[in-house]
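Peer 1: Given only the sequences and the hints, what does the whole structure look like? Please build it.
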Amino acid sequence: MSRSRVGGAESDVETLAVEQQDGASQLEAQEVASEAAQPERPSRRRFFLGAVAAAAGAALLPARKAQAQRISRPRPGIMTRPGAPGAVSEDVLVRLVNRVTSGATEEEVKRAKSMGFSRYLEYQLKYTSIGDSATDTWVATNCPTLAMDGPTLYATEYGTLVTQLWNATTYRSAFSKRQLYERMVEFWTDHFSINYEKVGYLKTLDDREVIRKHALGKFPTLLKASAHSPAMLEYLDNTRSRGRNTNQNYAREIMELHTLGVDGGYTQQDVAELSRILTGWTIQGRGNFAFDPTGHDFTAKTFLGETFPAQASSVGAAAIQEGERAIDMLLAHPNTAKYISMKMLRWLLRYDPSQSQIDAIAQVYTKTGGDIPSMIRAILTPANLREAPLKMKRPYHFLVSSLRAVNPTVRTLAQVSNRQLLLLGQQLFYWDDPDGYPDNMDFWAGTILARWNFASYLTSQASATGEVTFDVTPLVNLATPVAITGQIEKMVFAGNMPSALEGQISAYLSAAPVSANRVREAMSLALSSNAFQWY
Amino acid sequence: MTMHDEDCGCDEYNELSRRQFIADSAGMSGLAMFASVFPSWLPKVVLSESYVADRDVIISIFLRGGADGLSMCVPFGDTNYYTGRPTIAIPRPDSTATATRGIALDDFFALPRAMQALVPAYQAGQLLVVHATGSVDPTRSHFDAQKFIEVGKPRDPNIVTGWLGRHLATVPPMRTDAPLRALGFASGLQKTLVGGPKTLPISDPATFGISGATATRTERTNWLKSEYGPAPEPLRSSSLDALNTIELLRLVNITGYAPANGAVYPNNGVGRALRSAAALIKADIGIEAAQVDVGGWDTHATQDPVNPGGAMYNNMLNLANALGAFHADVIAGPTTTNVTVVLISEFGRNVRENSARGTDHGRGNCMFLMGRNISGGRVYTFNWPGLAMENLQDRQDLKVTLDHRDVLAEIVKNRLGNQNLDVVFPGYVPTMRGVTK
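Respectively, the protein sequence lines represent chains S and A. Per the working numbering, residue 1 is the first one in the first sequence, and the count goes up by one each step. Per the working numbering, residue 1 is the first one in the second sequence, and the count goes up by one each step.
Please keep in mind that the hints were generated in silico from the structure rather than gathered at the bench. Incorrect hints may appear among the rest.
[Claimed, not checked] Here are the simulated DSSO-like pairs of lysine-lysine, each with C-alpha atoms no more than 30 Å apart in a straight line:
{"id": "1", "chain 1": "A", "residue 1": "Lys-437", "chain 2": "S", "residue 2": "Lys-343"}
{"id": "2", "chain 1": "S", "residue 1": "Lys-490", "chain 2": "A", "residue 2": "Lys-225"}
{"id": "3", "chain 1": "A", "residue 1": "Lys-437", "chain 2": "A", "residue 2": "Lys-413"}
{"id": "4", "chain 1": "S", "residue 1": "Lys-126", "chain 2": "S", "residue 2": "Lys-177"}
{"id": "5", "chain 1": "S", "residue 1": "Lys-177", "chain 2": "S", "residue 2": "Lys-213"}
{"id": "6", "chain 1": "S", "residue 1": "Lys-367", "chain 2": "S", "residue 2": "Lys-343"}
[Unchecked claim] With the C-beta cut set under 10 Å, the calculated list includes, among others, these residues of chain S facing chain A:
{"id": "7", "residue": "Val-262"}
{"id": "8", "residue": "Lys-343"}
{"id": "9", "residue": "Phe-470"}
{"id": "10", "residue": "Gln-504"}
{"id": "11", "residue": "Ala-507"}
[Unchecked claim] Here are some, though not all, of the chain S residues that point toward chain A, as calculated from beta-carbon distances under 10 Å:
{"id": "12", "residue": "Pro-438"}
{"id": "13", "residue": "Phe-443"}
{"id": "14", "residue": "Trp-444"}
{"id": "15", "residue": "Ala-445"}
{"id": "16", "residue": "Gly-446"}
Quantities reported herein were computed from a predicted structural model and do not represent experimental measurements. Using N, Cα and C, we set each Cβ at its ideal position, and we do this for glycine too.
Peer 2: In structure tokens:
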């Protein structure tokens, strides 16, 4: 089954409910027609219907249980005016929590309900107002290298550096109260992807001074910080681009991946010219940006149709302005607004945003000077959320949401953020292409066994002196399968477990006397379930 | 104005292998991919039904870190080798140093003593060494050079799948019902295999499966099977493949596997991987490809390929003993399945040794091919450039005179029965060099 079909699973659900009265949609008609033409494959239709039925269970996961029995969702006209507290349905509110966090907990859903849609979104957007001292303290205590300057980092052993960045990142994703901020840190980490193995300690600086500093700021500021980041200049070889001997790697990727997009209207000649414009952008000392005039090509260039006249080399350090001007041109380009909007829509809303959605967000980008919070407000509207199909969690998202569900006592995350993430296939900062870990379903589906085994690993952590500890006693004390299932539902699904799954969990608990191990396994199966892989 | 430390990443290889550090995988791409990832640029594909019965299984071995090919296939006939390496050269086969001298392959090249276990394969005409080969891209970055070889094309950001993965995606399975067509011996799938249908990273096939208590394993497995039976794609297929693979591997007695011809696999990483691969191949369950990584080749200091106990000596010994066992067991053994083994590394190393009795990152290197249908028993070169200073790349390295893709493409075409070379190696028109029979 194709990606678009899967991505549109929820739409198909709605289609079934509505179209049964109105006649078959074109999609359905094609399905039927192709089936009629190929009677030798009768299983395909059954298979499709089965998948849709399952997707329905998953798609309605955020809804209240009473609502979960419905097939169709409310029509747009029935909705009350969005924005006012209490006016948005609980279903949509839960969808919002799923989109702005790395896993909806009961506490977070409760907070959203009491604040209402708009206030809750504003609360998450104004993240500096969210007190997060427990997280800050944990990171400062366990990951002191994150606060170090370049020379100190340089003198620190590689393993220590990357381990602490893994630990801090995973801890923050799981336990920070600034959940939307951390989700955007994850997004920009992929957008400005840098492989730790290639650049070492410089990535620790980039994480702090580029990604985390500007994740909910303005895109132009973020891009410029990245363009001045030693880690990026090293990763994409601009440090090796000197004089007439240029390396085009960064010049290409800043257009293809960071701003315009691959079909963003530039030519190979523009890549070559931009690489010449950016000669001399390099590193000084341990982790400082520098423009080195002795490495700059002062001859004339033409970039995106504009002339950069030749300069005398006596201009010296002022020639950095050529690069600044080129970057401003990229930031003002309409295709940058569209490309960034498309990627943010994909991340926050759905795999297949429509052109009109992209255009609408691009308008916000243009009007606000690339203000990321303003774009998020325009993306995460009740109307958009109501229509958005579920996305599949990436392995890291799965791992983090499992931590949020189990809420173990954490001593360190050395195993979880290193070996366990490696087994899941998404070692942080180790994607070896500059485009970041993929945000799609097909790429990650093959890791399902690793997810089941991670769930087993996490829920079996019983030692009070272990790295993480899952205290199962409160669950066991509930004594009956029904009561334990109810509590698992609250922990793993914030109270919105699909009822079929509820039955299966309860059945597993009933199949043997209640014991700590049995309950751990039931919890593991809840995390392993199909429904928990989606958000 | 100074650059910060060079991009070679060598410090880390020396003091603490990053790859060991990050648990046990050498394949950092770390991705198990789903079958349907056909890149949009994929040209039209011919799913040929021919050759199927005659196709070889392929074992692809990557020596990570830049293995010193001048120690593994020694050009003893070139005096520049000895002048460039006063302390780490393998003595000539006619040297009086009988314990450490090379084993002549012809009148110019020799195997080091550490790789003696490969002599039977060479004498049987089933081992071919190709020299002065490698990637045409001049990078000396491990990171980039490994990637370029694994994806099959240098510096093309649009290609994210591996050459072997694309091969698998463009031939029909050897067994249509096989739940597992290829495996990477790693925690995360190596880039070489990315894009392959029914391809999984499996660190140890003997223990692959659902973790947790043995007593409830069947019960939990059945629970998951029923939970995912009606799940939406792509999770449904993916979970079924995983569960079927677990079932399948349980049927193969890997732990109790008895090699043929009295072959003894060394108990090291590559030895265990090749032993498992042999067991899977003989079980005839439809495995078509396996990727094995061997690390520890980034020998910037105290390289010592000469003396027993030396760092590179030991690494070559472990490798050659494992390959020798695989040759005796599978290639010279009774199984009717043909297997081609191919070894490659991201680049060779400098002709001259450095001040630390090691060698730094170079260019041209050798590849090893093994199999019944390999035109072996010889060292193949194309315009061997020699080691004289004026003939070296950047006045320091053996030149690449033969694109490694020529070698791989010929294997793909002649031994793996795949005509879609423009998909496996996009944008490259290979020259057939006669490495296969």
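Peer 1: None of the hints should be skipped; say for each whether it holds.
Peer 2: Against the structure, the hints:
Annotation: proposed proximity of Lys-437/A to Lys-343/S is violated, straight-line Cα distance about 51 Å (limit 30 Å). Simply put, Lys-490/S and Lys-225/A have alpha-carbon atoms about 24 Å apart, close enough for the 30 Å limit, and the pair holds. Between Lys-437/A and Lys-413/A, the direct Cα distance comes to roughly 12 Å. Compliance with the 30 Å bound is thereby established for this hinted pair. About 12 Å separates the Cα atoms of Lys-126/S and Lys-177/S, which keeps this hinted pair within 30 Å; it holds.
With a CA separation close to 17 Å, the supplied pair Lys-177/S and Lys-213/S stays within the 30 Å bound. For the hint linking Lys-367/S to Lys-343/S, the alpha-carbon distance of about 18 Å falls within 30 Å, and the restraint holds. Given the 10 Å rule on beta carbons, the hint for Val-262/S holds: about 8 Å separates it from the nearest Cβ of chain A. Because the beta carbon of Lys-343/S sits about 16 Å from the nearest beta carbon in chain A, more than 10 Å, this interface hint is broken.
For Phe-470/S, the interface hint is violated, the least distance from its beta-carbon to any beta-carbon of chain A being 14 Å, above 10 Å. Taking 10 Å as the C-beta contact cut-off toward chain A, the hint placing Gln-504/S at the interface holds, the least distance being around 6 Å. Because the beta carbon of Ala-507/S sits about 9 Å from the nearest beta carbon in chain A, less than 10 Å, this interface hint is met. Annotation: interface hint on Pro-438/S holds; nearest CB of chain A at approximately 8 Å, less than 10 Å.
Taken as an interface hint, Phe-443/S checks out: its beta carbon lies about 6 Å from the nearest beta carbon of chain A, inside 10 Å. Taking 10 Å as the C-beta cut-off, the interface hint given for Trp-444/S holds, the closest approach to chain A being about 8 Å. Hint status for Ala-445/S relative to chain A: holds, with the closest Cβ pair at about 4 Å, below 10 Å. Because the beta carbon of Gly-446/S sits about 3 Å from the nearest beta carbon in chain A, less than 10 Å, this interface hint is met.
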